[in-house]
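Chemist: Spelled out from the first residue to the last, the chains are:
Protein chains: 2
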Amino acid sequence: MRSEPDVSKSEKLEEGSLLVPQFDANGLLTCVTTDANSGDVLMVAYMNREALEKTIATGEAYYYSRSRRTLWRKGESSGHTQRVVEMRIDCDQDAVWIKVEQAGGGACHTGRRSCFYRAVPLRKPGAATLEFRDSEKTFDPATVYGEN
Amino acid sequence: MRSEPDVSKSEKLEEGSLLVPQFDANGLLTCVTTDANSGDVLMVAYMNREALEKTIATGEAYYYSRSRRTLWRKGESSGHTQRVVEMRIDCDQDAVWIKVEQAGGGACHTGRRSCFYRAVPLRKPGAATLEFRDSEKTFDPATVYGEN
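Residue numbers (the numbering used here), protein chains in the order written: chain R, 14 to 161; chain G, 14 to 161.
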């Protein structure tokens, strides 16, 4: 008798065509969201199983809000929804990358197109001063989200 | 007497020019690494304080390996180092985005340029079959990392 070739779990995850998302201890995947047109990273957020399934089913971006502990349809407050053009999953299936068409002013709650509007200087010991880049506000968060 | 205007912690984090990285309960930041030339997301990884500081000081990508529980200079085994062209930090300073020039065959341990070589079909209920895209192997991991 010969035993079947041993296909390891990592082999299945990495080379298989089955979606087997590897949620972390908190039940979350990391999601990187880029602008389908510019390629810029807009935001990093998290998806639980429900957010992942709704994003796949609808093609609209859903996330899980860790602070509010709830499913969150991007743009539900601001109207700045994200239509998903493509979703990719990484080798070990614990992170997804979505390319989106961003509606409205932008993805960041501070009023900017991207959350990544500051650069960290490199190779300059002691210089920890962030440099604002592409940081112009494209909408007024007080108007969009309300003053409280 | 009048009190000074109250500048909230989130205001400082979001609008300040001081680098105040917000490590999570495990002492980690999420790092998104993109190819400085193509704009593609190459990988998602994690940095502890030491990895962040070494990346900033040297301009080479360092990460923290959660599985090996150790600082990890990208390319230390494979030679596939990453020269950081730009580092950005997000609004609440718990994620960084680095744009890199990837040396050697690629960023993924499976032998591919990017870890995100499979697409998840959207708006097709029931179809969970991943589609391989940009998935050609650009190096042989067995040769680069050894057979075991």
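Simulated from the structure, these hints should not be mistaken for lab results. Where hints are given, some of them may not hold.
When chains are identical, the list treats them as one kind, so a pair holds in a single copy or across two.
[Unchecked claim] Within a straight-line C-alpha distance of at most 30 Å, the following computed BS3-like cross-link-like pairs (lysine-lysine) qualify: (1) Lys150 x Lys137; (2) Lys25 x Lys67; (3) Lys67 x Lys22; (4) Lys137 x Lys112; (5) Lys25 x Lys150.
Chemist: Output the numbers, in ascending order, of every earlier hint that fails for this structure.
Modeler: Hints that this structure does not satisfy do not exist here, as all of them hold.
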